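Peer 1: Chain by chain, the residues run as shown.
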Amino acid sequence: MKILVCISQAPDTTSRIAFTNEGKTFDSTGVQYIVNPYDEWYALVRGIELKEAHGGTVTTITVGGAVCDPVIRKALAIGADDAIRVDAEPTDAMQTAELIASVAKSQAFDLILCGKETIDHNGSMVPAMVAELLDWPFIALATHLEVEGNTASLKRESAGGTEHVKVNLPLVLSASKGLAEQRIPNMRGIMSARSKPLNIEPGEAAALSSVRQFSLPPEKGACKIIPADQAEELIRLLREEAKAI
Amino acid sequence: MSVLAIVSLKNGQPTKGGLEAASYAAAFAKAQGQDAVALVAGAMTSDGGLGATGIDRVLHFSTELSDSSQWTRLAEAASKECGASTVVLSHDHTGRAIGPRLAVRLQAGMVSGVTELPRDGAVRKNVFSGKAMADVEVSTNAVVYSVTPNAFGVREGGSEAEASPFAAEVGEAREHVTGFDLASADGQTPLPEADLVVSAGRGLKGPENWGIVEDLANALGATTACSRPVSDIGWRPHHEHVGQTGITIRPNLYIAAGISGAIQHLAGVNQSKVIVVINTDPEAPFFKAADYGIVGDAFEVLPKLTAAVKALDA
Ligand SMILES: Cc1cc2nc3c(=O)[nH]c(=O)nc-3n(C[C@H](O)[C@H](O)[C@H](O)COP(=O)(O)OP(=O)(O)OC[C@H]3O[C@@H](n4cnc5c(N)ncnc54)[C@H](O)[C@@H]3O)c2cc1C
Numbered sequence: 001m002k003i004l005v006c007i008s009q010a011p012d013t014t015s016r017i018a019f020t021n022e023g024k025t026f027d028s029t030g031v032q033y034i035v036n037p038y039d040e041w042y043a044l045v046r047g048i049e050l051k052e053a054h055g056g057t058v059t060t061i062t063v064g065g066a067v068c069d070p071v072i073r074k075a076l077a078i079g080a081d082d083a084i085r086v087d088a089e090p091t092d093a094m095q096t097a098e099l100i101a102s103v104a105k106s107q108a109f110d111l112i113l114c115g116k117e118t119i120d121h122n123g124s125m126v127p128a129m130v131a132e133l134l135d136w137p138f139i140a141l142a143t144h145l146e147v148e149g150n151t152a153s154l155k156r157e158s159a160g161g162t163e164h165v166k167v168n169l170p171l172v173l174s175a176s177k178g179l180a181e182q183r184i185p186n187m188r189g190i191m192s193a194r195s196k197p198l199n200i201e202p203g204e205a206a207a208l209s210s211v212r213q214f215s216l217p218p219e220k221g222a223c224k225i226i227p228a229d230q231a232e233e234l235i236r237l238l239r240e241e242a243k244a245i
Numbered sequence: 001m002s003v004l005a006i007v008s009l010k011n012g013q014p015t016k017g018g019l020e021a022a023s024y025a026a027a028f029a030k031a032q033g034q035d036a037v038a039l040v041a042g043a044m045t046s047d048g049g050l051g052a053t054g055i056d057r058v059l060h061f062s063t064e065l066s067d068s069s070q071w072t073r074l075a076e077a078a079s080k081e082c083g084a085s086t087v088v089l090s091h092d093h094t095g096r097a098i099g100p101r102l103a104v105r106l107q108a109g110m111v112s113g114v115t116e117l118p119r120d121g122a123v124r125k126n127v128f129s130g131k132a133m134a135d136v137e138v139s140t141n142a143v144v145y146s147v148t149p150n151a152f153g154v155r156e157g158g159s160e161a162e163a164s165p166f167a168a169e170v171g172e173a174r175e176h177v178t179g180f181d182l183a184s185a186d187g188q189t190p191l192p193e194a195d196l197v198v199s200a201g202r203g204l205k206g207p208e209n210w211g212i213v214e215d216l217a218n219a220l221g222a223t224t225a226c227s228r229p230v231s232d233i234g235w236r237p238h239h240e241h242v243g244q245t246g247i248t249i250r251p252n253l254y255i256a257a258g259i260s261g262a263i264q265h266l267a268g269v270n271q272s273k274v275i276v277v278i279n280t281d282p283e284a285p286f287f288k289a290a291d292y293g294i295v296g297d298a299f300e301v302l303p304k305l306t307a308a309v310k311a312l313d314a
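Residue numbers (the working numbering), protein chains in the order written: chain A, 1 to 245; chain B, 1 to 314.
Bear in mind the hints are in silico, worked out from the structure with no lab data behind them.
This one's a predicted model, so the numbers in the text were calculated from it and none came from an experiment.
Glycine included, C-beta positions come from ideal geometry on N, C-alpha and C.
Please note that a few of the clues may not be correct.
What the hints assert, rightly or not - Partial chain B-side listing against chain A, Cβ under 8 angstroms, derived: (1) M1; (2) K10; (3) L65; (4) S69; (5) H93; (6) L117; (7) V136; (8) E175; (9) V177; (10) L182; (11) Q264; (12) A289; (13) E300; (14) K304.
With these hints in hand, go ahead and build the complete structure from the sequences.
Peer 2: Written out as structure tokens, the structure is:
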């Protein structure tokens, strides 16, 4: 099986979010970048597990500049075989999806695994856009994936529950929690990642949207502390003051 | 010209996300002096309550669809038929599967997870899992928006919409649904749509102690949620995990017991309108993000809250 996993970098989850240039640019000063958790914990690990069970290869693809190389090496350390970086500055989902789809068209992948969204732009658009550009089936929010011959059995989150779905390969999915368990790279993985191929390809595509302005949510007012033996008082405040219940 | 809402159905009724998408489309259409049209697929009687949200016309495709490309083709045909340059979906599984596919087919810019109507050519959405907002502009004439659940709300008071059958060539299904598991046997509102949420963390000490959390949730008619470690160690199901790497929610009321309030947890819940924190540790960071707090033991406080809620309704 030939598997492609889409990997994005994202600010570490503990990052303080701030903007410069009058709210037009994300302030990356002091920000550590990590592999986007949905890509790493679920999409990548499930890809590696399927390769271990059925044979094949796991290739990662990232759209971005050389700043992304450390997170790509991390994905290789966890167990991907090789990596592609499309050397372009991604501005929106459509542009990113087109660049990924054009690479995917030139190689015969059976499966493209993405995280359900990145934790910076929370777009959740690239996976289904890639599927449409390739005219492949798409499973959003997959929590389970087994492959048997040419058929994939999946579970996906849907209104109020989980749907069981059967699809023939090739397919694109977006990974949600449950698809796999996080793997910590071992020393051998980290050593071998250095010599695994990271191929850089040029790419050009148009973006259709852009951020005009970032802003931060208003600060919360002070917390009203209610004594622990006055539960009724809290419930009264929730009804009469906050009008929440 | 019109604005088209893609509305998914569950048991013959629009989902809450579908009603929110319809409400958003109707409000946007009104502001632009356009018609609001809703598209549904599957069994539904009359206008399914969509007129009340402000929708003028319903296009009704008679067969239920669960394949993302079939839905996309149907939505494309509907947008052509009613001359819609703006298409609105819920940012649920439909907004994640159909919206982006449709954006490709219509060569439309898409903004996902919008929280407000567009203003001055830009539309607001949450970014960094709720730690910030972005105003996004689209350079194309055709636009697809997916609306964050519980942000815009369901509008009411409109008159019945005119429903007409709609047919289109949608191609073969490739995604075949073979089964369905209900998230919770007791019919709780799904977490992203819930108005009231009662959540608990490691402070509850073990899965056997969740009865007091569920009791309060039941008394309030709330949905239960949990912190990440609690779902990681299997005390609670994964679909209850809220936060930066779980579900992002914005209910009216979020009650958190025995949760410290780590930055990754707050990211997913800090858009809740009212936050109540119960924690034994007065220094717990969650109190800084809360509206109301009780410094106390969840094992004592939760049952008292349940009793107080029941007394209120008695
Ligand atoms: C990359 C990354 C992503 C993450 N994503 C998420 C996420 O999406 N969601 C998430 O929740 N976490 C996430 N985390 C984990 C997060 O950092 C915290 O570890 C986690 O939220 C803590 O869970 P907790 O509050 O239940 O447990 P703890 O931090 O152990 O807190 C337990 C709290 O319970 C209180 N307590 C103890 N006993 C009682 C009692 N009897 N009554 C009342 N209070 C009591 C304690 O004072 C304490 O504040 C992530 C971490 C990383 C590194």
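Peer 1: None of the hints should be skipped; say for each whether it holds.
Peer 2: Right, here's what the structure says about each hint:
Here the hint on M1/B is broken, as its CB sits about 20 angstroms from the closest CB of chain A, past 8 angstroms. Proximity of K10/B to chain A holds as hinted, the smallest CB-CB distance being about 5 angstroms (cut-off 8 angstroms). Below 8 angstroms, beta-carbon pairs count as interface contacts, and L65/B has none with chain A, the closest being about 13 angstroms; its hint is therefore violated. The restraint placing S69/B at the interface with chain A holds, with a minimum CB-CB distance near 7 angstroms, inside the 8 angstroms limit.
Of the supplied interface hints, the one on H93/B holds, with its beta-carbon coming within about 5 angstroms of a beta-carbon of chain A, less than 8 angstroms. Evaluation of the L117/B hint against chain A yields a violated restraint, the C-beta minimum of about 16 angstroms exceeding 8 angstroms. Interface hint status for V136/B: upheld, as the beta-carbon distance to the closest one in chain A is roughly 6 angstroms, under 8 angstroms. Interface hint status for E175/B: upheld, as the beta-carbon distance to the closest one in chain A is roughly 5 angstroms, under 8 angstroms.
At about 5 angstroms, the closest approach between the beta carbon of V177/B and any beta carbon in chain A falls short of 8 angstroms, and the interface hint on this residue holds. Because the closest C-beta pair between L182/B and chain A is about 5 angstroms apart, less than 8 angstroms, the hint holds. The beta carbon of Q264/B comes within 5 angstroms of a beta carbon in chain A, closer than 8 angstroms, and the hint placing it at the interface holds. A distance limit of 8 angstroms between C-beta atoms decides the matter here; for A289/B the minimum to chain A is near 6 angstroms, and the interface restraint holds.
Interface hint status for E300/B: upheld, as the beta-carbon distance to the closest one in chain A is roughly 7 angstroms, under 8 angstroms. A cut of 8 angstroms between beta carbons decides the hint on K304/B: the least distance to chain A is about 4 angstroms, and the hint holds.
Checked against the numbered hints given earlier, this structure breaks hints 1, 3 and 6; the rest are met.
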